[in-house]
Amino acid sequence: MPELPEVETIANNLRNGSGDQPSLIGCEIRRAHLLWERTLAEPTIDEFTKRVVGQVIQAIGRRGKFMYFNLTKDTLLVHLRMSGDVWIEPIIATWGEHYRLMLELSEGMRLVFSDTRKFGRVWLTEKPDLILGHLGPEPLDDAFTVQKLFEGLQRRHRQLKPLLLDQTFIAGLGNIYTDEALHLAGIHPLTISETLTIEQAERLWFSIRNVLQAGIQRNGTSIDWVYRGGDYQNYLRVYGRAGEPCKECGTPIERMLVGQRGTHFCPQCQLNPSYQD
DNA sequence: CACGAGACCTGTTCGC
DNA sequence: TGCGAACAGGTCTCGT
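Okay, so the first sequence: first residue is 1052 according to our numbering, each after it adds one.
Read the hints as simulated data drawn from the structure, not as lab findings. Incorrect hints may appear among the rest.
[As the list claims (entries may be wrong)] Straight-line Cα separation of at most 25 angstroms, SDA-like style, residue types lysine to any residue; simulated pairs: (1) Lys1124 to Met1160; (2) Lys1101 to Gly1077; (3) Lys1169 to Pro1094.
[What the hints assert, rightly or not] Label-pair distances were calculated between CB atoms; the ranges are: (4) Thr1095 to Asp1180: 33 to 43 angstroms; (5) Met1133 to Thr1246: 42 to 52 angstroms; (6) Trp1276 to Val1107: 55 to 65 angstroms.
Here the structure is a predicted model, which means the values were calculated and not measured. Heads up, the beta-carbon is just placed ideally off N, CA and C, and yes, glycines get one too.
Based on the sequences and whatever the hints tell you, model everything.
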């Protein structure tokens, strides 16, 4: 499920509480229950259990597509990859078939990491920067300017679609929001980065921030069984709409493979200046 | 450096 | 209806 807006939504709900769910801030971790070993990237399960128990959750946030929990001593990092989800619920004797990690908390609640496809990972570390340090800029930060984006585009010679998915270039974009941003900007996914004009870079900058902010405002995108609660899927311009008319010009949306990812675009609104076809 | 293919996994949908 | 192929919000690693 998880791109920046979905991770942001989950992290916000855990931090602030939502509906009947309390905030996790101030909760102490009492027990750890790992149900799929490979979910834990580091440290070993023995050391994880020994270290995590007794620590208190002091802050919760997001960096790129990572969720972080600042504990008394360590940082707990969670990456949901394709099918992960995190929530809290009362402690009961049973658990769901896709649960991979449960952390029992004070107040009779447990923090659940559920992940059908088992791609998700959890780290417990004193030095989160070793894992987060390679990430590119946060697209919604003030520090992420048109000029920064333009310089980055100039420095590389890459197709835009895979470049925008590259987390060292910008942190947080995934397949959905990349396609959405490129369509909003009116730029073809195969355009070579260094050929963008400053005007195009500005439109791309605006579009990236616009679709991410809209996604957050709508609590993320809910497709299939994976992530629920958001409704940005009702506002998608191109993703998952192959064959349907472009909302700008009526031309059927096309789908192609770019770097093995389904890529959706309007052949009319997103002309490719690098090729003629 | 840039790119494609294959791995890692399970579940749903599509096409014949 | 049934069965295999294609596909899915991600990223890593290897070969060219």
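Verification of the supplied hints:
| no. | hint | verdict |
| --- | --- | --- |
| 1 | Lys1124 to Met1160 | 21 angstroms, holds |
| 2 | Lys1101 to Gly1077 | 20 angstroms, holds |
| 3 | Lys1169 to Pro1094 | 18 angstroms, holds |
| 4 | Thr1095 to Asp1180: 33 to 43 angstroms | 21 angstroms, violated |
| 5 | Met1133 to Thr1246: 42 to 52 angstroms | 32 angstroms, violated |
| 6 | Trp1276 to Val1107: 55 to 65 angstroms | 33 angstroms, violated |
Against the hints set out earlier in the document, violations occur for numbers 4, 5 and 6.
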